[in-house]
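Chains F and E, in that order, are what the protein sequence lines are.
Take 0 as the starting number for the first sequence in numbering that gives the first Met the number 0 and just add one per residue.
Take 0 as the starting number for the second sequence in numbering that gives the first Met the number 0 and just add one per residue.
If you are wondering where the hints come from, they were derived from the structure by calculation, not from laboratory data.
Keep in mind the model is a prediction, meaning the values are calculated, not measured.
Incorrect hints may appear among the rest.
What the hints assert, rightly or not - Pairwise CB distance ranges (calculated):
1) E:28 x F:105: 22 to 30 Å
2) F:64 x E:102: 42 to 50 Å
3) F:113 x E:73: 44 to 52 Å
4) E:38 x F:24: 30 to 38 Å
5) E:52 x F:74: 24 to 32 Å
6) F:86 x E:27: 21 to 29 Å
7) F:108 x E:35: 34 to 42 Å
8) E:35 x F:127: 20 to 28 Å
9) E:97 x F:127: 25 to 33 Å
10) F:108 x E:97: 45 to 53 Å
11) E:35 x F:88: 30 to 38 Å
As the list claims (entries may be wrong) - Selected chain E positions facing chain F (Cβ under 8 Å, derived; list incomplete):
12) 14
13) 18
14) 23
15) 56
16) 84
17) 88
18) 98
19) 100
Glycine is no exception: its CB is placed at the ideal position from the N, C-alpha and C atoms.
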Amino acid sequence: MSEGAANGSDTVVVTMPGRPQCVGLARIVAGEAATQAGLDQETTCDVRLAVSEACTHVLRCAGGDAGFTIRFAYGEGMLDVQVDQRGGGRSGPAESEEEGLGLGLALIHDLAAEFTVHEGERITLSMRFERNEGASEEGR
Amino acid sequence: MDFTVRQEVLGRTTVIRPFGEIDICTAPELKAHMRSVIEAGAERLLVDLSAVGFMDSSGLGVLKGAQKRIGERGGALAIVCPEGAVLKVFRISGLMEVFRIHDSLDEGLQEMER
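Model the full assembly from the supplied sequences, consistent with the hints where possible.
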């Protein structure tokens with residue numbers, strides 16, 4: 000799973016089928032990657048929420064066969080996360096009011112230090128998280 | 000990651016208690032549960048999120064939909080959510096003022112039973 004260290008960072012790539020049940024698994028991996036990156040507890044919670052929203056966005060906007068690949072690149076105090084649609088097509092945004100209020104991407108924008116989304120033939124969401132240096136040691 | 004929803008009636012208030020994490024996988028179960036309670040005639044709904052360890056915008060959508068539905072019937076929905084990661088979702092989404100959110104079940108019940 001790990002692609003090894005390069006330039007002081009490690010990269011972990013996980014590939015998951017496009018099933019809602021896998022979003023919880025993605026959160027677990029995201030939380031562990033954030034811990035490995037030395038992020039504080041609050042930022043780790045932010046990473047879990049952002050990854051959940053990103054995977055949900057792919058599932059809702061992509062065709063039925065689409066899965067997703069998540070790439071975690073982490074170094075001391077920072078974590079880059081990229082969520083890529085894998086397979087499937089595009090069915091367009093499918094978020095009705097009761098399916099997230101269309102807030103998913105807005106939440107990621109607020110949570111991440113940097114966030115870009117590319118919605119071409121395939122959806123790619125990239126985000127960066129950085130350790131909150133003001134966080135208490137107990138929170139790490 | 001088990002997800003369950005329990006409910007009880009306290010006075011005139013129906014208390015809904017989800018346990019676990021609310022996301023795209025579990026939100027439909029919560030939505031169906033709340034819809035059945037509202038359609039059964041509940042007019043005062045208190046959703047206690049104290050035992051929810053994680054919630055994303057899928058959960059917000061379910062709560063907003065239930066609030067709209069019960070409001071159309073002249074009822075009211077309030078939420079119990081102590082300080083923590085779940086409350087932060089309400090805060091950063093700008094929905095703190097959209098929902099009536101209480102720190103504790105006792106506080107929520109007091110308002111609902113007025």
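Comparing the hints with the structure gives:
{"no.": "1", "hint": "E:28 x F:105: 22 to 30 Å", "verdict": "holds (25 Å)"}
{"no.": "2", "hint": "F:64 x E:102: 42 to 50 Å", "verdict": "holds (45 Å)"}
{"no.": "3", "hint": "F:113 x E:73: 44 to 52 Å", "verdict": "holds (46 Å)"}
{"no.": "4", "hint": "E:38 x F:24: 30 to 38 Å", "verdict": "holds (33 Å)"}
{"no.": "5", "hint": "E:52 x F:74: 24 to 32 Å", "verdict": "holds (28 Å)"}
{"no.": "6", "hint": "F:86 x E:27: 21 to 29 Å", "verdict": "holds (23 Å)"}
{"no.": "7", "hint": "F:108 x E:35: 34 to 42 Å", "verdict": "holds (35 Å)"}
{"no.": "8", "hint": "E:35 x F:127: 20 to 28 Å", "verdict": "violated (42 Å)"}
{"no.": "9", "hint": "E:97 x F:127: 25 to 33 Å", "verdict": "holds (30 Å)"}
{"no.": "10", "hint": "F:108 x E:97: 45 to 53 Å", "verdict": "violated (19 Å)"}
{"no.": "11", "hint": "E:35 x F:88: 30 to 38 Å", "verdict": "holds (35 Å)"}
{"no.": "12", "hint": "14", "verdict": "violated (21 Å)"}
{"no.": "13", "hint": "18", "verdict": "violated (14 Å)"}
{"no.": "14", "hint": "23", "verdict": "holds (5 Å)"}
{"no.": "15", "hint": "56", "verdict": "holds (4 Å)"}
{"no.": "16", "hint": "84", "verdict": "holds (5 Å)"}
{"no.": "17", "hint": "88", "verdict": "holds (7 Å)"}
{"no.": "18", "hint": "98", "verdict": "violated (12 Å)"}
{"no.": "19", "hint": "100", "verdict": "violated (16 Å)"}
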